[in-house]
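S.K.: One-letter residues, chain by chain:
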Amino acid sequence: MTTIALPKLKKTERTEKVQKNDNKLTPEQIEAFGEEIDAIRQRLIGQLGEEDANYIRGIVKKQRQFEVAGRALMYLPPAWPLAVASLSISKILDNMEIGHNVMHGQYDWMGDPGLNSRMYDWDNVCPRDQWKYSHNYIHHTFTNILGKDRDIGYGILRMDEDQKWHPYYLGNPVYATLLMLFFEWGVAMHDLEVENIVKGTRRLEDNKPLYPGLLRKVRNQALKDYLLFPALTGPLFPLTLAGNLTANLIRNVWAFNIIFCGHFPAGVATFSEEECEDETKGHWYYRQLLGSANITGGKLFHVMTGNLSHQIEHHLFPDLPARRYPEISGEIQEICQRYGLDYNTGGLSKQLFSVARKICRFALPGGGTTAPEHGTTTEPLAA
Amino acid sequence: MTLTQSLAERVLASRALAALTSPHGVDRYLEQINPMWAATEVRARIVDIVRETDGENPVATITLQPTSTWRGHRAGQYVQVGVEINGNRRTTRCFSISSAESDPGEQFSVTVRAHEEAKPGQQRVSRFLVREARPGQILHLSQAEGQFTLTESPATPTNNELLMISGGSGITPVMAQVRTLLRDGYDGRANRKRVHFLHYARSTEDQIFAEELQRIAWQDNGIDVHLRYGEHFSAESLARLVPDFRRTDTWACGPAPMMELVTAAYGDSPRLRTEFFKLSTGTPVDGDSAEGDVSFSRAGKTATNSGASLLEQAEALGLTPEYGCRMGICFSCVSRKEEGTVRNVLTGEESSLPGEDIRICVSTPVGSCSVDL
Numbered sequence: 001m002t003t004i005a006l007p008k009l010k011k012t013e014r015t016e017k018v019q020k021n022d023n024k025l026t027p028e029q030i031e032a033f034g035e036e037i038d039a040i041r042q043r044l045i046g047q048l049g050e051e052d053a054n055y056i057r058g059i060v061k062k063q064r065q066f067e068v069a070g071r072a073l074m075y076l077p078p079a080w081p082l083a084v085a086s087l088s089i090s091k092i093l094d095n096m097e098i099g100h101n102v103m104h105g106q107y108d109w110m111g112d113p114g115l116n117s118r119m120y121d122w123d124n125v126c127p128r129d130q131w132k133y134s135h136n137y138i139h140h141t142f143t144n145i146l147g148k149d150r151d152i153g154y155g156i157l158r159m160d161e162d163q164k165w166h167p168y169y170l171g172n173p174v175y176a177t178l179l180m181l182f183f184e185w186g187v188a189m190h191d192l193e194v195e196n197i198v199k200g201t202r203r204l205e206d207n208k209p210l211y212p213g214l215l216r217k218v219r220n221q222a223l224k225d226y227l228l229f230p231a232l233t234g235p236l237f238p239l240t241l242a243g244n245l246t247a248n249l250i251r252n253v254w255a256f257n258i259i260f261c262g263h264f265p266a267g268v269a270t271f272s273e274e275e276c277e278d279e280t281k282g283h284w285y286y287r288q289l290l291g292s293a294n295i296t297g298g299k300l301f302h303v304m305t306g307n308l309s310h311q312i313e314h315h316l317f318p319d320l321p322a323r324r325y326p327e328i329s330g331e332i333q334e335i336c337q338r339y340g341l342d343y344n345t346g347g348l349s350k351q352l353f354s355v356a357r358k359i360c361r362f363a364l365p366g367g368g369t370t371a372p373e374h375g376t377t378t379e380p381l382a383a
Numbered sequence: 001m002t003l004t005q006s007l008a009e010r011v012l013a014s015r016a017l018a019a020l021t022s023p024h025g026v027d028r029y030l031e032q033i034n035p036m037w038a039a040t041e042v043r044a045r046i047v048d049i050v051r052e053t054d055g056e057n058p059v060a061t062i063t064l065q066p067t068s069t070w071r072g073h074r075a076g077q078y079v080q081v082g083v084e085i086n087g088n089r090r091t092t093r094c095f096s097i098s099s100a101e102s103d104p105g106e107q108f109s110v111t112v113r114a115h116e117e118a119k120p121g122q123q124r125v126s127r128f129l130v131r132e133a134r135p136g137q138i139l140h141l142s143q144a145e146g147q148f149t150l151t152e153s154p155a156t157p158t159n160n161e162l163l164m165i166s167g168g169s170g171i172t173p174v175m176a177q178v179r180t181l182l183r184d185g186y187d188g189r190a191n192r193k194r195v196h197f198l199h200y201a202r203s204t205e206d207q208i209f210a211e212e213l214q215r216i217a218w219q220d221n222g223i224d225v226h227l228r229y230g231e232h233f234s235a236e237s238l239a240r241l242v243p244d245f246r247r248t249d250t251w252a253c254g255p256a257p258m259m260e261l262v263t264a265a266y267g268d269s270p271r272l273r274t275e276f277f278k279l280s281t282g283t284p285v286d287g288d289s290a291e292g293d294v295s296f297s298r299a300g301k302t303a304t305n306s307g308a309s310l311l312e313q314a315e316a317l318g319l320t321p322e323y324g325c326r327m328g329i330c331f332s333c334v335s336r337k338e339e340g341t342v343r344n345v346l347t348g349e350e351s352s353l354p355g356e357d358i359r360i361c362v363s364t365p366v367g368s369c370s371v372d373l
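Heads up: the sequence lines are chains B and U, in that order. Residue numbers for the first sequence follow the working numbering, so the first one is 1 and each next one is one higher. Residue numbers for the second sequence follow the working numbering, so the first one is 1 and each next one is one higher.
Isolated chain U (complex conformation) (with noise of 0.2 Å):
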């Protein structure tokens, strides 16, 4: 980083500036002269989109120049991606990142699956990244989150062998620790230890990273790659590649159902970390039917859903939120539903994206829902 940079950084932060841009702060004014510009809030310019796999979900890679604001990353965190669609209304997912460690400002890259709609007419930000994105566009980033992360890396040896567990698109963070551990010249031979990555896929078309996977199998530095087509986890394959894996340092991720049969295999050991990839829960009930679980997940509070509004169903609970007008009007009382599918009862208009912010007062459950409360 040049001095220039450091120094204009420095001022950008300052805390005279953001006097001077009270009560917007800084971002507001930077963004309208370039969206690259940002005293603290991440954006990124689309450089590049390769497609990995085709089919009927395909999956690209889609790599990112980060505003000058990004932090890094450490392997097998995740970033949330803002995109405009539907309307420019932004929407936010998680993806894991696929790229080796970044450093502050350095390039870096996602790898998605295009999911399919939501709901007709509704557009996905997987599908929009994968299938409608061009370089050049900003994206809205937050800085890496995430805790499934690697100990290992060649400043910090262990004696341990690592094992790398993964499922369809979750191959994605293992995969940037794989190529976090040979870009800084992981050698398994030399420490004597190993690194077993054990990846599922449903076919060899879906593969992604399937030529790169290839050449590590091929390079004898102790990373054995052991690709497993339209099998289903199971603990006796895994024994026979890792007699000892319960003992062995393991990062695994993949869809709910592989990730309930690793947990079950590893039953209380230490060693396992994992990681989820949650899709959308909203399973909208027939009708106007009012089934389900109701949960505030702050209070801990869960009942079941009586078809009320939100609002009244926490009350219900003994719970106090913050409301107003009671109608819909005000904002008083809007909450982050977590998951769930909830109905607007001004509108009757339905919606199941999760992390959604809504006016309780308004809204009744649709089956099982879970609010920020």
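This is chain B alone, in the form it adopts within the complex (with noise of 0.2 Å):
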């Protein structure tokens, strides 16, 4: 294994339960365990070249063209449904299989300005660099971890045993249809932090350098989608303006659903943050395994999840590209196995519905009976 220094967990004062998961490994075993993750990893940067340039740049291409038939269909008042599908697949794929991964990094080592971390932009209401902030680094850093990942419950949900049940969430279900129609809305008001202001460990004069960007991002998705182009097809401007809006909501749902799969369902582990203190580069695969979950589904299927159907192989990896995740999959299924380590995955309706019992459940006080031991069964509980 490769020294280095991982983030230091600060001790804050929970004092709940300390040890969430019975670790089924030793730390030999989970050290071995990342090792041969760690192997993978190297095989696949050795691997990276044309194949996945090209990829990336096909699917660059088909979202162009999405995007362009779309504006131009809605010219034709009777192909509107094809112009919202078409416009809603351009903006698909633009935020998950081009924009979230392209951001990742995953495709830096093109040197193509393009195709760029630190240059590209979405088409996304929330801004690129506290996209990044949130998600690249907290996220994927401290997955899962009670108190230090945001992305459990987004800091308005209650999706886990351990989150204080208070009467606020017994609005559960209504919050997450809420935030799943306004996905993109919600994403960008994650970096407020409206949650730790409510609490008092925030304060609003915080959040002012995070306004400009917002706005900026906010006014430039308006214009286009909602003045520019439905000025643009003159007396049809209320059926485009409409057509655009319901593309952005089509993402939206999408994008909420893919994303709740990943790290929602029953049987997904969460951890404290005393378990993961002095965490090692094996122990932080080993959290992502066991914090992330997929869906099966066919190729077009993935891709128009930006692959994040392979949610796991993504946590693992993070920064290579997603269109690797697929083929690795066996590997990782196999490995799992011989640790006896769950991999979580299922198809979309079973992943949907264990995340939406969820939901439903930690609306209510307790719910500790729902989440399953982990490391014995991936099956949901629905009976």
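If you're looking for bench data, these hints aren't it; they were derived computationally from the structure. All figures in this text were calculated on a predicted structure; none of them were measured in a lab. Mixed in with the good hints, there may be bad ones.
Said to hold, decoys possible - Label-pair ranges, simulated between beta-carbon atoms: (1) U:Ser14 x B:Asn54: 30 to 40 Å; (2) B:Glu51 x U:Arg298: 34 to 44 Å; (3) U:Glu315 x B:Asp278: 40 to 50 Å.
Cβ coordinates follow ideal geometry from the N, Cα and C atoms, glycine included.
Hints are included, so try docking the two chains, each in its own frame, into the full complex.
M.R.: In structure tokens, the structure reads:
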């Protein structure tokens, strides 16, 4: 194993359940597991090249074609559903297979400024720099550590038994529905850490530097989708406006559902800060594996999820091209089997149902029983 | 430029189109249709490749048709050329422009000597351009850059004599200057001014632009061509040619050892303008030793390489670079390594490319290294 200084976790006042997971593996086994995962990583890095470059450029080309087709079809009122579908596909590809993955630095090695994590911007109201901070750094480093990973419930939902219940959470299903419909706005607001402002641990002034970037992105999207393109279609203005709104909405609903299946299906483990103190790279891999869940599906489905249907592989190797995840999935599963570790996967409806159940269950106090002891089963408890 | 062309350019660069194509920008759409269409980026299609010299390190002149976004160049300037090599990795190097001054959108050429492989299995830009590039291929360019430019032109005559000193492939920018003077009707005899063109080459076989230089020498238009083979530059021999060289406007370009001699010969004379040819300075130190100096150029701080990650070494010097995960996954700390070799501690891979973006939290210097921090 390489020696790198992992980020140190600061102790907080949490004194609840310290050991959330009964470690099935000894520290030595965890390190051996990590080394096997690392070996796959090294191999993939050695293989990066033309195929990956052609793939992402092909996807970008498709995205541009769908976008142009969507904008153009708005001029033909009978083709309105087709226009909306085309634009929705373009926005989904833009945000997921291209935006999310490029901003992870998956294609930085290509040296193409158009596909570089520092320069790429997506068609979304969330500013890229704020996204990279809360997602690439906070979420991917402290994945599923309660109190550190703000993606557990996004500060508004109760998604874990160890999140203390409050009458506010009775609205869990309502908040989740709203978050689904306005997902890009939720993502954009994520960095403002409203829940911490309510709690008093963050001051309103701390958000000031974030406003200009946020407003610029909101203005750019509103100008493009809700004013300029509708205006260009003249008398069809209302129809085009409705079409663009719908495309953004469809992207929101799709992205929400895929992303919620990544960490919230039953069986996904969360961790306490104490468990992750002085964490090794091996344990980091172990946590990424147990803290993520996959969705099974066909090739087209995987592309439309930005390969986040392979959330486990993505969390192990967030900076490697996502198109590689399906090809290593079998290998990862085989390793998991040997170590007796869960590899949480299932069809979209199964995972979605499991997530919906969790959202509803945790609206009420308690809920510890819905989370099966990890390491024993990947089956949802839905009877 | 036709009216429709300029109209098209104005539309392409308009704010309305920028708003419609936000956040990607017009160029990200145009490139999907035709790589030679651009609103702000500069690209070029290779028109022609002509071998200048053969041998171990052959030289070729590559003529380029740039996109209409090319703003032209002044004689002596260089351009950054990006090509996709080593598994579609875009690699960018600077090359002096060897053709006479170009107007916006006009063809120009670079003259390149093929350097050998950087390391086993690794391809170099110069080698690619000379040995493998084919007409029709698209290159990524910057605008022309650099201050090594001619102040002299028929439109702005001075009473000075001009002196150009070059070595090896350092001939390219001064050749652009001489070509520009001649194209624009420079007549040193009429002006009672002369241009001294002094060039050092390893051998006659290694001489770039040999025929053209011979023609210029015969043409009796006030440009004296002095070619030296296998010799080293010396102030004494220069003084025999131009006794008052320290008070003559001089443009000098060549390899570092020659440039040291030239700079020493001129002392603190303000007449000397220089252009260096920087070769990759990556000189890996054997094994795991962590000797050498690490410098952070923006902060102006240098320390002995401790062998720790560049992020930690920067922090030890009191710098506060941006960082996130500290384990190489979040890309918050990406910085530009200017020169030197670094090892990625995650992959063990070493890289010596100058001007390379690296994650400083997982990069340790191998020997000396300079980072833009």
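S.K.: State for each hint whether it applies.
M.R.: Structure-based check of each hint:
no., hint, in the structure
1, U:Ser14 x B:Asn54: 30 to 40 Å, "holds, 32 Å"
2, B:Glu51 x U:Arg298: 34 to 44 Å, "holds, 37 Å"
3, U:Glu315 x B:Asp278: 40 to 50 Å, "violated, 20 Å"
Hint compliance for this structure: hint 3 is the single one not met.
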